[in-house]
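K.L.:
So the protein lines, in turn, are chains U, A, P and Y. If you read the first sequence in my numbering, its first letter stands for residue 1158, the second for the next number, and so on. If you read the second sequence in my numbering, its first letter stands for residue 2, the second for the next number, and so on. If you read the third sequence in my numbering, its first letter stands for residue 63, the second for the next number, and so on. If you read the fourth sequence in my numbering, its first letter stands for residue 2, the second for the next number, and so on.
The set of hints was computed from the structure by calculation and includes no laboratory data. One thing to keep in mind: the hints can contain errors.
[As the list claims (entries may be wrong)] Calculated cross-link-like contacts (lysine to any residue; reagent style SDA-like; alpha-carbon spacing at most 20 Å):
# : chain 1 : residue 1 : chain 2 : residue 2
1 : A       : 871       : Y       : 35
2 : U       : 1406      : Y       : 41
3 : A       : 786       : A       : 771
[To be verified] Covered by chain P, according to a simulated footprint, are these stretches of chain Y (three or more residues, beta-carbon under 8 Å):
# : region
4 : 12-23
5 : 61-74
[Unchecked claim] What follows is a set of in silico ranges between Cβ atoms, one per label pair, in the way DEER data are often shown:
# : chain 1 : residue 1 : chain 2 : residue 2 : range
6 : U       : 1169      : A       : 438       : 47 to 53 Å
7 : A       : 157       : Y       : 26        : 50 to 56 Å
8 : A       : 902       : U       : 1257      : 40 to 46 Å
What you are looking at is a predicted structure, and each value in this text was computed from that prediction instead of being measured. No residue lacks a Cβ here, since even glycine has one placed at the ideal position from N, Cα and C.
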Amino acid sequence: MRYSAFSIVKNALTGNVSWKPAWRQPEPKPFYDIIIVGGGGHGLATAYYLAKEFGLKNIAVLEKGYLGSGNVGRNTTIVRSNYMLPGNEPFYEFSMKLWEGMERELNYNAMLSQRGIISLFHNDGQRDAYIRRGNAMWMEGVPAELLDRATLMKMLPFLNFDHARFPIIGGLLQKRAGTARHDAVAWGYARAADRFGVDLIQNCEVTGIRRDNGVVTGVETSRGFIGCGKLGLAAAGNTSRVGQMADLKLPIESHVLQAFVTEGLKPAINHVITYGAGHFYISQSDKGGLVFGAEIDGYNSYAQRGNLATVEHVMEEGVTMIPGLSRVRVLRSWGGVMDMSMDGSPIISHTPIDNLYLNCGWCYGGFKATPASGFCFAHLIAKNETHPVARFLRLDRFERGYPIDEQGAGPQPNLH
Amino acid sequence: MTAYRLASGGLVDRNAPLDFRFDGRNLAGFSGDTLASALLASDQLLVGRSFKYHRPRGIVTAGPSEPNALVTIGKGANSDPNTKATVAELYSGLDARSQNRFPSLKYDVGAVNGLLSPFLGAGFYYKTFMWPAAFWEKVYEPIIRKAAGLGRAVLERDPQSYEKCWAHCDLLVVGSGPAGLMAALTAGRAGLRVILADEDFRLGGSLLGETVRIDGVYAPDFAETALSELRSLPNVTMMPRTTVFGWYDDNVFGAVERVQKHVALPQAKLPVERLWRIVAKRALLASGAEERPLVFGGNDKPGVMMVGAMRTYANRFGVAAGKSVAIFTNGSAGYRTAADLVAHGVDIAAIIDSRADVSEVAPDGVRVIRSASVIDTKGRQRVSGAVVERSGFEQTIACDAIGMSGGWNPVIHLACQRGAKAVWSEDLKTFLAPDVGNGLVVAGAAAGRYSLAGCLQDGADKAAMIVADLGFSASAHTAPVVDGEIDPSFTALWYSPGAKAKAFVDFQNDVHVKDIGLALREGFGHVEHAKRYTTNGMATDQGKLSGINATGLLAAMQGISPADVGTTTFRPFYTPVAFGAMAGTSRDEHAAPVRKSPLHGWAQRNGAVFVDSGLWYRPAYFTQHGEKTWRESADREVLNIRENVGLCDVSTLGKIEIFGPDAAEFLNRLYCNPFLKLPVGKARYGLMLREDGMVYDDGTTSRLSPEHFVMTTTTALAVGVMSHMEYCAQVHWPDLKVRFCSSTDQWAQMAIAGPKARLVMQALVEDDVSDAAFPFLAAGIVTLKGGVKARLFRISFSGELAYELAVPAGLGDAVADAIMEEGRAHGICAYGVEALNVLRIEKGHVTHAEFDGRVTPDDAGFGRMVSAQKPDFIGKRLSTRYGLTAADRMQMVGLKPVEADQHIRAGAHLLREGAKPSTLNDQGYVSSACFSPTLGHAIALAFLKSGRERYGERIVVWDKLAGAEVVAEVCNPVFVDPGNAKLNS
Amino acid sequence: MTRTYISHHPLDGLLPLEPGIRAVDHLDVPRAVAIASVMAMEGEEASVTAGLAASGDISVRFAGPGEWLALSRSETPDSLERALSLLLAETAYVFEQSDGRVVFRLSGPNVRRILAKGIATDLHPGSFEIGTSSNVLCGHIGVNLARTGENEFELIAMRSFAVALFDDLRVMGREFDLSAGFSTLG
Amino acid sequence: MASLIHCPHCGIRPKEEFSIRGDASLVRPDPAASDEAWNDYVHIRSNPRGRYHEHWQHGAGCRRWLVVERDTFTHEVFSVTDAASVARKAGR
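Please take these sequences and the hints and turn them into a complete structure.
P.N.:
Pasting the structure below:
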């Protein structure tokens, strides 16, 4: 059923009883040409593009829980392409462009809202780094603007200009950045993939990867063995566990990142704003909740919950950046398990096993990458060759000495 | 009039009237009221508007699960939006305003959404607003955003203060109702350190609204007796107004104490809220049970209320919810409330019972309609009747309030915050907390023990177990005897069929039964999908009332057990917590501690303008008379140092003392260049790599004796380097005999640089500091004239003849003053980090602007420093990776504009002349840039692909952000004194 | 020319030179305490512990395994360093830190409640006995904390943090009208 | 674990006093070890869901590096040991 204003009116007048399921609930078939492990945003997008862009059929997505139950359903919904390094920026800009056409393509409103991201800086060194980054964006054709303090005082008068421990001296603005309704992205891709015949199989946990003569022949699952011609892993925080089933050696640690939402408030903050003297960032959703977060908790964890010290630290930074947040009440905190890579950048790559493909290392920034991740991973699986914008995101870049280290923090995941 | 204050009764102090305002109206209540009870007593039934349809809403509960009665309390920067009137303690002068309405609560234009509701069903927005593309952000989204949210955040600086505190106890009891009180008493009497926390301003929990007798006394009096005993125990701490919002690892609980939220004028010396981190050996969750709403047509009108809330308002606050009350129940609770209301003189219009077999006895003369349900309610902004259906026959019962009771849900939120899944109990028709280990034990109604006697007993028993577990002994006790209790049973009723109006599940978010059905129909039947698709349970009450009914409905609609549907995930916070409380005193200038150099005072006296540098403040430049810009000051300072001499505070650089017979070996492994044979009395520049071969930090290290070195680090990485060294020593090489001690704070360290530096130094120092006696890279202990021992180093960041002098920090000010005095004749000036930065760029010296974590020693021109001989050092092996040695790596070069008056900015990128800007064509970037007063034009350090082969090439410095393109010549990065003549003079 | 250099305390100008009104809870700041870091050589931890214990009027604070701060109110920085170097020759490295550290003494009936606003460690007398010392975090600032009496604690902070810690302690103590002044004992 | 660590030298302390550096089961290879061994040491992580050894430094306390043995899913801590003593036992 195609969604439109007409379909809404028509259904409303007939009691809304004719809406059809957004996707089928198929039983797994014995064999698929391609299986994608992980029914989150990236896995669903991969399946969609495999079918839509590369015309492939007989595809399944296996999800151990419900669709979108991983990080696509618990993030801070930010979409941006303001990266500095040539290994990243073209990829994220490709993603940004896909975002801009995604909703009509999927016939699903994911409420992409290009309200702009402002990254604040607080000293000359940070300013220089942001200038470098802004110019790197322009090199890729991505508009960026440097805002001075006076401009910020007009645009964001609620920031702490008078009593800041670390004064705000300016900011880098990417106007096309913004937010999207995270669950809807997963649902939109799921529905669109389903319409192309992709089997979305929920409650189907992969427990083993069967190999024969060095190639993958299928997966053991909680719903039995399912054979496949090619296998793509898009398991985010569980990448290491799934990878281990194929003896992959991975540069990944799983870390917990907390995020928060406040009670619903009348709109007051129109941009995504990031704090340069810490990791805090905030935006306001279309429902009115202020959505915010900061750094990872710092230790390896598979628990989707965080610690109080980090919660306090995040809110200290919040009040320091925007003093008027002091009386805003925080409704809920949650934790997602991040697949932190050793350089803070993602991996879309071949593996040592010919028909096994890997998509991981999204750290705390996987949401914005969803469309490009799916597209490039589909490209890799379908054509067995890397998409040009993802050509640096190789698994072997670490041993070859080509890290993509935006933070310059080195091979220690909790510093990225 | 509907609701009113009863003539007598309740725990409010009728001798202490309090004035307050609601939407500009002056009203009055009593001390002991909540805002909700006072509003109700003033017959203010309409208190808010719902989120989506702007429906008129009234008070539903008497506690923290309230979905409707949200108001903004306070004015301007003191306003608290979305405050639940049901937990807001009334105080004189309280000023409350309703929310989400325009122009007024009574006439709200947003209510038109209700008419459009068929089009605005669950998830409607995902299906539309996509055409035309530009319309979402320009038209649709602004409309949606305008409708967003409930209260308004003013985003002004909060004038009040907050703080944080730690507490430790053997047993934390959460909740001071019957179970909690008995637990605290049992543990307190046994000598445990007990904390009893309750979100209410008055301790006693449900006992405060009870009418039964316990051990022969009225329940509230029983509570008071227990509380006074607890108050007399020195090992028991009582924490009223304290909400335990989170259970974290290792039995640490987060709690917020509302210290001064109930006063009009807070005292300055106390915070308004205080965050507690409670470290509890054990905890007992006695949070009681929440009454479950019934889902029936028209169940959201003002005047429809939980029967338990009606009972609380009557018994505890002396307020009747209506004059003629209809009660819709599926269990005994409705009868208990009916009895209490009748005792208070309230008329019961009818009891509508969904069950056929009923053992409860209604009060005399009250009509009971069995096997019946309410299918609609009459009235607009207050309820005027209930439409009751029984066996296909409808009748309207006139009433001015409807009490509803759908049974009980134990409040298990905290117990399920750490991953435990709630377990369905078929017996109790509700979800219970599973066993979550002995750190947290659930007791009383929170554990499904609904009878008062059961709660009292359970609290005492479970505390006694904990007492014994912790090695204390509990004294024997007999359980209190309860008179007149009723059996708290009910029959689950997820949905009252035949609704003739919307039957709401989530009141605040306007989710009704059909929305849940639609979600299921569209494939969003998983409880998490249903929540996310319909927004059920996502409002400020986080589904405290709606969650269980959504689960029940999803189960009923699919013909499965609620056990197979489960609940959504419980996460902190149990109730919302203000940013302010979580931030405590760490805000504004106190967001991070300030570190002050021992020369801070000296710098201030000399006109310094400071800049923050990590936690430190450092002088950026020193203003002299007539200077209007930082450039004027910095240029003067630079020229003066090149020509005369200057003094700079370098105390903030990290200093680490290294002791031990293996100190030299340790440094040799730590640095990429050799240190084993550094002679005593010598300093050496050292480059420290990360294990991946990239530069980590640099600095000089001096050997003061065979087994004693002192290392300097950059200001930024002082803490990190120390930690890295400890890691290497303790984890990699525990066999090395070496000890470290940070001495950053011990020394006031000063750089004295410039051609006349020696003249100044010699005037102060007894020892010979001539080039022969104290050449470049000399290091040692000297004596200042007057007898002070100091450390002296012949090192230079500026490229000039320079010394660094370190004296005990307390003497720093005095020594710096003396240097300025001795230097006056030689034209000395104080200089700051701006001048220092220019001086080092002129000399081609690097900082973290160059060493940004992606740079190898060779990239920065230090390739030859890296020892090929040493068998091992941190970073050696991975330095040889292909990518780190590739010929096209970016290498550090100098840049000077071809036209001398042109400006270069750090962060600009580099392009070949004529090349089109693109990521592929990007040749590198400018890491540092300045105007060189020495040379009279701009200079820059940059990283350029294969840069060292490209000296003399013209390159475009591309700064699109500034709209600037400058042609520059690539050159050697050392602009001043490449032969080091000045350095060695 | 021979010069005399006058030493400054980091709280000079923030605290009155003359003692003012002393509340029941008081923050006392001695102007000069001789302090040295003592680091045991490999295998000498026990003998250093014993040596320090026998040293008479030198107070010893635990900093880490084999590492201590030694304090003296009677010795000068130089004499303390000399005394320790003699006492611990061949068993420990001694580094004089008197200018690098600042001592704060808190006393009064509410000190535990004041310290609980910054320090996570359980200071119940049963858990943190008189004579106990340890490095802890007070708010965001690292200090060495010692219990010197039932209701008396000493905090030793790095000099650069002294003003920040002083500000924090004042805020922590305002509920109890904490007074503060330089030590009258020196 | 995420709230409190029982430091073997200082007692029970809050997380805020510590910094964390990752997998403690990795041992820095011999200088002569293979490229693969070195790459594995610096870049490859077993990242188990379950029992795990992790390096924590008690930076605001005794400044010792500790090996915290814990569960990455339940956050239960099994042991906390001084890293140098672990290293010595392992013959480093």
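K.L.:
Looking back at the numbered hints, which does the structure fail to meet, lowest number first?
P.N.:
Of the numbered hints given earlier, the structure breaks none, since each of them holds.
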